[in-house]
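For the record, the sequence lines run as chains A, B, C and D. Each residue of the first sequence is one higher than the one before, starting from 25 at the first, in the working numbering. Each residue of the second sequence is one higher than the one before, starting from 89 at the first, in the working numbering. Each residue of the third sequence is one higher than the one before, starting from 59 at the first, in the working numbering. Each residue of the fourth sequence is one higher than the one before, starting from 1365 at the first, in the working numbering.
The set of hints was computed from the structure by calculation and includes no laboratory data. Glycine included, every Cβ here is placed at the ideal spot set by N, Cα and C. Among the clues, some could well be false.
[As the list claims (entries may be wrong)] As a list, the in silico DSBU-like pairs of lysine-lysine whose alpha-carbon atoms are at most 35 Å apart: (1) D/Lys1396 <-> A/Lys309; (2) D/Lys1427 <-> C/Lys209; (3) A/Lys363 <-> C/Lys209; (4) C/Lys77 <-> A/Lys251; (5) D/Lys1396 <-> D/Lys1372; (6) C/Lys83 <-> A/Lys93.
[Claimed, not checked] Label pairs and their in silico Cβ distance ranges: (7) A/Glu286 <-> C/Gly183: 46 to 56 Å; (8) A/Gly388 <-> C/Gly74: 33 to 43 Å; (9) D/Glu1522 <-> A/Leu358: 43 to 53 Å; (10) A/Leu51 <-> C/Gly183: 50 to 60 Å.
[Claimed, not checked] Computed footprint of chain A on chain D; a stretch qualifies when at least three of its residues, placed anywhere within it, have a C-beta under 8 Å from a C-beta of chain A: (11) 1388-1395; (12) 1455-1465.
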Amino acid sequence: MSVWVYGEQKSDLKIEGAIARRIAEDLYEVFIGPQHPGSGHMRIIIRVDGDIIVDADPDMGYVHRTMEKLSEGREWIKNIPLFERMAIHDACNVTVSYVIALERILGIEPPPRARYLRTLLCEINRIAAHLYGFGIFGVFMGHSTMYMWSFADREVMVELAEKLTGARLTHSYPIPGGARRDLPQDFPDQARKAVRYFRRRLEEYRKIFLDNPVMRSRMEGVGVIPKKVAAELGVVGPVARASGIKYDARLAEPYDAYDEVEFEVPVFEEGDALARAWVKFEEIKQSLRIIEQAVDWLEKHQREAPMHPKFWERSPPLWKKVFEAEGRVKLLPLMANLKLPPGKAMARSETARGEIVYYVESDGKTTPYRVRIVSPSARNAIVFKYIVPGYRVMDLPTIYGSIDYFPPEADR
Amino acid sequence: MDVVKLILDIIFYPPIYQLLLIGLVGSLVVVIFILWFERKATARVQRRLGPYHVAPRVAGFPQLVADLVRYAFQEVIIPRTVDAGIFILAPIVATILSILPIAVVPLTSNPGYWPVPMDYSVLVALAISTVSPIFLILAGWASNNKFSIIGGVREAFVITAYELIAILSILAASATVLSFNFVDVVEAQSRIWFIILNPLAFLAAFLAVLMATSGFPFEIPESENEVVAGPFTEYSGLLYGLNMGAAYMKRFALSILMALAFLGGWAPYTPGEGILSGYLIPSIIVIAKATVLMMAFSFTRSVYGRFRLDQALDGAWRLVFPMAILGFGLALLEAYLGVV
Amino acid sequence: MDVEELKKRIEEALGGLVKGIEEGKGFIDVIVDLDNIVEAASRLKELGFDHVKSLTVIDYPKENRFRVIYHASSYLDEELAKYIVGIGADVPRDNPRMPTLVYVWRGVEFQEREVYEFFGIEFTGHPDMRPLLLVPQLAEAKPLRKEFIVKEEPIIRVKPPTG
Amino acid sequence: MTARPVVKRLVKRKGLFAGFKGNVDAITLGLKYLVDPKRFTLIYPNEYIKLDPGYRGFIVLHKEKCINCSSCARICPAAAMRMIKRQEQDPKTGKVKMKLWPVINYQRCIFCGYCVDVCPTEALYTVPYHDIVYENMAEMDWGLETFTRPPEHPVEKEGGIPVKYIVDEERGLVKVKAEGEEGD
């Protein structure tokens, strides 16, 4: 490993507060991970000079599954449960852009009801994933109450998702042409109650975590990513938005029902861990708004199968009976061996951690020719290398937690 | 009856009573209670159940006993790379030293039950309480592990900063009465406790003891997210349990000192003659006050997170240290004015 | 701004470097010569495409080439953020080397390492060319090339379970 | 477009006692929950959640409805559902025929429910529980006979109390006895 590289690059980027200097031979090298309580399934090799990290080398891949290769051997629709495994607590957000890419190649557009249903689940997932992130963030900084609270409250959202899809985490909900289930009868009422509960609850989160002086001093000014550097490194999601980048895939290229619902994309300009926490915090509020709007829309409009007519029109009467009784959308047997016309498509969606990009290429067979996935954590991993040096050892968990890095998602 | 009296005399012979009964057995019981309370209270704040399945009828009270049994029967692994002698001795000595301060403080005003002559008891107790961290640092050093050494160094930093403050602010109490005798300190509080007369010193002592005894989440030296278990990374089984217990025992000892110095010791009660009235009841009052103090320490766990090392030191030198100095000044002023 | 206008702007900016523009669903690919890719990428960056979303490599064994595309987009320019523009080139399969674009877009550093281990494409000038996700032994096999085949089990069972 | 980015700023801390209010707020909140924890823990083996009928639990086959089309095996993303060959006597004609029947391997099943949704005759259905423990891997590979019977629900059998969670505005979730009685 050439030693000069990091220092030089660091000064190239002109990151404030970072110390760019040559690394001496007698530095302490500490292996954070993978069997370490302060890291997920990854390793960060840091070198410390006193308490200051001078060099960090993220070593990923401990939970790598070669999804891109596996997907080439599976039929189109079978890849949805596979890609879901990247971030099971954010399942709908992660897979919805793959489904959109397939729909783009097929040239179909899901009916409005399906789009709203997907949006609804996406936002439920987003809140659940943000709470998960908050929990991990909290426990990384020794705040166990935040961990327990957010995991307890995440249960509310998981419960809602379960009522909607029938599974707590791996929903496999979006499918080319639509969504797999309609709302249960009592869902709107429960969702509204949950929204009201969360509105009150977030205020308590702010008091015990974000405005807690101890936690605030831990987060303030830690892991600062200036706007220019954030764009240069190509970080995504809350990390980018905390640095003042006004980018959100829901904004840049509205998919599903995001061009019809009203919401804000919170942007902060400080770029530190505190701003990243606040972005997530404000995003939860916006997601609650979207859930309300989606539920209202779904309640107002007539129940019909959330499936593209191509896959629904010729369905036998039994299917309509099942849909009316259980809200379950039956799939055509041809779904298994769906043939996509040759073509290539790209789609992006905003997951809780940032934007996920799928590049899908079809050569007219039942399996993809190539699927390229770039998940948000994979793009944020570079933060470890370029932002962590210059901060203290105890800041590492803070930065790790604040960028909400999720190894299974990064490793794919 | 002479036999009973003899046994009682032996039991309540101050060194035995205070070192063995309160120091070992009492502190174990208090630690069991405090750990249970800590777990239960945190669980309530965190909307959990806490310990339960060990004994559902008593809300999981013997959880720590179960833990200790587990520790006791676990294999003690001594890695080949460690300095075995120090590695084994350090936690044992640290544990003994951390309960030793209890043996030199008076738990009653009845001179018949003082363990040692009292004239310099404040100084002696505080002096003993400062020895045990050295062995934790030693444990970290002997472990020959990067995390242990980082943890040991952190321990050294934190202890240097906060132990000084703890001592200074407990000394403020003796400055008020112009005596190093704990009995004088306690008796001066029969009318009004020093926590009211000198809240600054109490607050400084509270924070300092909280940080110096490194209970979660103020365990910067052994903060698990960076340094796994700090100085104790290589420890296992009973030795690990001792390490963990030492911190709580030290907290208990310091809490007793604080109870004597600020919470009036056995204050509402006037010790009389005889074992019961002269020794047992006042000592139980002191322990009860110390336990309440420890409950307050434990509660902070559910509200706060961990400080960063440099912030903790910064806070110590810039905020808590001046606070302790001010408290000391206030104590001197009160002594000058003759408030007590 | 619509796609046509964007294409025109890109063509203007890149000048004669453009070999062809391919339009996909949701993105456009600008294909240039392998030798010009650094130059073309820097011009694209000057245009406002400040980060790379995906370094996409597709293996075409029949045509004996890898298609390497840097799918870039913009953060700072909200108008450009709506588009994904790929700048790509064909890399010969028998000599998979190409200049690195790390010094144009810093964000591709890890993705180039990923491509290196999965396809065996070497990026000359890359500051830290090591496998990222795989262990070195596995990276030798270059798993994302088409000749690497993952075996899946058939639908009909040969040995039925009991019970 | 109705979505818009909004630039916000963090509230700066000012003054000597800036942290004071934060500390007081946090401690008060902690004490509030110490008094009333609002918990909804499930004491699992003693209680279990009675899930909605739509829950995607274990999959079971109605053999009489099955038309041996092998759609389920073809759509299974994890290759858990497979077809086995069985000689069967046709009840009408009396001819012995080779037929394909689905069997499932729960070592591999991911409970995505595709097979249930793709089945053209609704021959597959899900039971609303999933907490079944096997002692060895071979038991999880179901044969046709096992596949046609709903599996035993051990917690229910051992006398666990069925509870339900409903969303509540005050407490987040509330544990309610499945019969409708108010729980703990």
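Hints, one by one, checked against the model:
1. D/Lys1396 <-> A/Lys309: 24 Å, holds
2. D/Lys1427 <-> C/Lys209: 31 Å, holds
3. A/Lys363 <-> C/Lys209: Measuring from Cα to Cα gives roughly 21 Å; hence the hint holds.
4. C/Lys77 <-> A/Lys251: Cα-Cα ~34 Å, so holds.
5. D/Lys1396 <-> D/Lys1372: 31 Å, holds
6. C/Lys83 <-> A/Lys93: Status holds; Cα separation ~22 Å.
7. A/Glu286 <-> C/Gly183: 46 to 56 Å: Since the Cβ atoms of A/Glu286 and C/Gly183 sit about 48 Å apart, the hinted range of 46 to 56 Å holds.
8. A/Gly388 <-> C/Gly74: 33 to 43 Å: Roughly 34 Å apart at Cβ, these two residues keep to the hinted range, so it holds.
9. D/Glu1522 <-> A/Leu358: 43 to 53 Å: 44 Å, holds
10. A/Leu51 <-> C/Gly183: 50 to 60 Å: 27 Å, violated
11. 1388-1395: That given contact holds, which follows from 4 residues of the region 1388-1395 of chain D lying within Cβ reach (below 8 Å) of chain A.
12. 1455-1465: violated (count 0)
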